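Enquirer: One-letter residues, chain by chain:
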Amino acid sequence: MKYAYYPGCSSESSARDQHASSLAVAKALGIDFVEIEGWSCCGATPGHHTDRVLAAALSTANLILAQDMGLDVVVNCAACYSRLKMANYEVLNHSDMRKKIAEAIGRDYNGRVNVKHFMEVLLEDYGADALEKAFTRSLAGLKVASYYGCLLVRPNEVTHFDDPENPKSLDNLVKAMGGESLDWPYKVECCGNSLSLTTKSELVVSLSDSIIGMARAAGAECIAVACPLCQVNLDLRQIDIRKQTGRHYDMPILYITQLIGLCLGIPVEELGLNKLVVSPSTIINAVKAAA
Amino acid sequence: MTIRIKKGQTGKGLLDTVEKMSGVDLGVCYQCKKCSCGCTVSNHAQSPPSEIIRRLQLGAGDELLNNDLIWTCVSCETCFARCPMGIDMVSIMDALRKLAIERKAAIPEGNVPLFNKAFLKTVNIFGRTYDLGLMAMYKIGTSSYRQDTEKLPIILKKKKIAILPSWSTNRKTVKRIFEKVRQNKESLK
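Protein sequences appear in the order of chains A and B.
The first sequence begins at 3 in this note's numbering and counts up by one.
The second sequence begins at 10 in this note's numbering and counts up by one.
In short, the hints are calculated from the structure, not lab data.
These figures come from a predicted structure and were not determined experimentally.
Incorrect hints may appear among the rest.
[Claimed, not checked] Heads up, simulated DSSO-like pairs for lysine-lysine below, C-alpha to C-alpha not over 30 Å straight-line:
no., chain 1, residue 1, chain 2, residue 2
1, A, K118, B, K167
2, B, K198, A, K102
3, A, K118, B, K181
4, B, K42, A, K170
5, B, K130, A, K102
6, A, K29, B, K167
[Stated by the list, open to error] Here are some chain A residues pointing at chain B (derived, C-beta under 10 Å):
no., residue
7, S12
8, W41
9, N64
10, M99
11, G108
12, V155
13, S196
14, L199
15, T200
16, L238
Cβ atoms here follow ideal geometry from the backbone N, Cα and C, with glycine treated the same way.
Excised from the complex, chain B in its bound form (with noise of 0.2 Å):
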């Protein structure tokens, strides 16, 4: 990897609001890549987990949040729990993800941030996920209303999804959760 410094770059990039964010201290990495060697995706991704590290140590703005590993991440938790120096980096990737959102940085193909909205959307509404409703919501969202169509007939005949949404009884409390994250994100603006 080849990191390019600016000369005379000030503050501190995103390092400092990541760890806070996160709770994790990235000073501690001295880069093993053992998190990288491990990463189930680093292969289908622009950069591995420890130059992620690295960049933030080094001072990287808001220009690493269009880094296509923050939605190609699969959450697998192998970097994590192969760190010698425990290391969370999932919890840094949910933070670099966050950040990506609330400063708009570029959505890499695949559209994961749509997909988690119309996952949450069903959850908010029903309580529990209704995946014909999310994958709706998702594929009217992407125009990719022909990808999987081919095993939809397989799915149906082996009832792999659910035609109607199922309920769940405890809806007001998902609903106020959803309503105190939103108050919450709003007072921090």
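In isolation and in its complexed conformation, chain A is listed as follows (with noise of 0.2 Å):
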């Protein structure tokens, strides 16, 4: 299995971690990851925010890079995978926007291209059954709530990802592992992340903090996320929430491929595991031998 791997600009400054973590499971997995050379930014928010033809264009520049390469693109970030198939829509289902974004990039591009988040990989390429296997050590006991946000499953007809309202890949991934995976409801609610380097920071911190909030009346020790935007979100904000509230969460925010390294009995120190604010010590604790 290969892929072209997009990292996306939060794997060299906020989610260093989960580049790492994904990084180390891929290979213990035996799925290759050729990262792409010379990728760029896909726009993100101040991308569509802009200019339609702007944001579709520099995502479509990632497309084309890995075109060349003939392999499907493997995305870590919530956002990236989000932005990189929404130019796979425009240029599929508006000739125009093909034409402008061609005309942008100076190249043709058809749409076709797939893009994947690497839990799609896991899920669907390398198999929830074959991964049960790979896995050497468990969650079980562990109480985890599945924390989506909104770009992954959103718009559903642009990602085509799990079910929008009640989506179950993460917490498949957490079965496997042999972790409790809760039912709770703000699963698909968002964090507000975009706005949260502006100075509206204090309407970034309420939803972080009902998500949480929520998170822990369902008895979740830790969130596991898939999104370098939520996750640095809801794992440094707690410090605002303390500030603003007065609640003390102290909720582990991890990636769910820290959550799977862990299981596939990598070294903590791959997985990134030191640089989460809220320390994850409890969790790597709960790690058990494989029954």
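Using the hints, build the complex out of the two chains.
Expert: This is the structure:
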């Protein structure tokens, strides 16, 4: 199994841990990630806020590089995933957009490069059964709230990822690891990260507070995420939540790839677990030898 | 919500422009308000999304561009996902944001346009985002130096931000895209 890997900008700043744990997991499972040489920013939210052609063209530039590699694209970041898929959607559904994008880049693109989130690769291409067999350790007894956020599942016409209202992919991975996947209502709420760096952070804090609070009420011992923006927001904002509301959650926010890495027996330091703000030590200690 | 309609108002206001920019037909909205019920930020803004649609249908003009939902919206796509008529509200909001900038509408607290500009500036230069650079630009522009500074030690300790920018080797294409989009905008003026 071989994929063109699109790391995304956060892999070099706030989400080095997601990047490291994904590469470690892929390596352990024999999945070949070939980094796209010359990858550039997908445009993210500021791109589509500003101009439709700009947003689609910035993403398409990367898909063209992957096309030349002849491989499907694998992505970790939910926002990059959404933007790359949106570029395919624009090219395939709007011929005028395809023309404008080609003009901007200087090359036509047919919209046919497959874009997959790493979770899709694990569940669909590698397979949940094979994955379960690869696990040497287990999350037995651990209550995990799986949090999907917004851009993985929405809009479904574009991402085609799971069910937009009640997705199960992360939950299925948690179950495959032997953990208890909690049924809770906020799994597809938005954490508001796109406003996080602006001065509207009070709103972002209140959104993060309600998500972590709901996970806590459901009995979660940690939250599993698959998006670098959700992770940094829910993890780092617990400091602000404490300041603004006095609520002290101390809720570890782990990437699903970090949990998978632990269950594959990959050493803690290779999974970037020391980069988390809220210490994941209770979770690391809870991982047991598989029965 | 109360929407006042001026007697004798002619023309269709923003509706045609917004529909053309987004490729979305707003005529099919029957105000079920599912978008507003699910909206992440409607409690934190002047109007929920269904009201924006209704105002457009009733002929709202440039005054609508001052509505703070335009810059409070987090593009979480819940409205689009839940609309029974498949209205792509996200593209409507993108169109309103573009018009708000072009027509110099009021920019509410948070100054998201400045953030977007700073973000894209780093992408144009490096081909990738450079968080430290964009935060510096944004903080200078908004004089919000103290915000989030108390978290800086932990951000640095955990290496959650890169000190040096990362350069894409495909910068030429990225620059070309920005330049072409700018030229298109100029030619429309």
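Enquirer: Look at each hint and say if it fits the structure.
Expert: We went through each hint and held it up to the structure:
no.	hint	in the structure
1	A:K118 - B:K167	holds (29 Å)
2	B:K198 - A:K102	holds (18 Å)
3	A:K118 - B:K181	holds (26 Å)
4	B:K42 - A:K170	holds (27 Å)
5	B:K130 - A:K102	holds (22 Å)
6	A:K29 - B:K167	holds (24 Å)
7	S12	holds (8 Å)
8	W41	holds (6 Å)
9	N64	holds (8 Å)
10	M99	holds (9 Å)
11	G108	holds (6 Å)
12	V155	holds (8 Å)
13	S196	holds (5 Å)
14	L199	holds (6 Å)
15	T200	holds (4 Å)
16	L238	holds (6 Å)
In the structure shown, no violation is registered for any of the earlier numbered hints.
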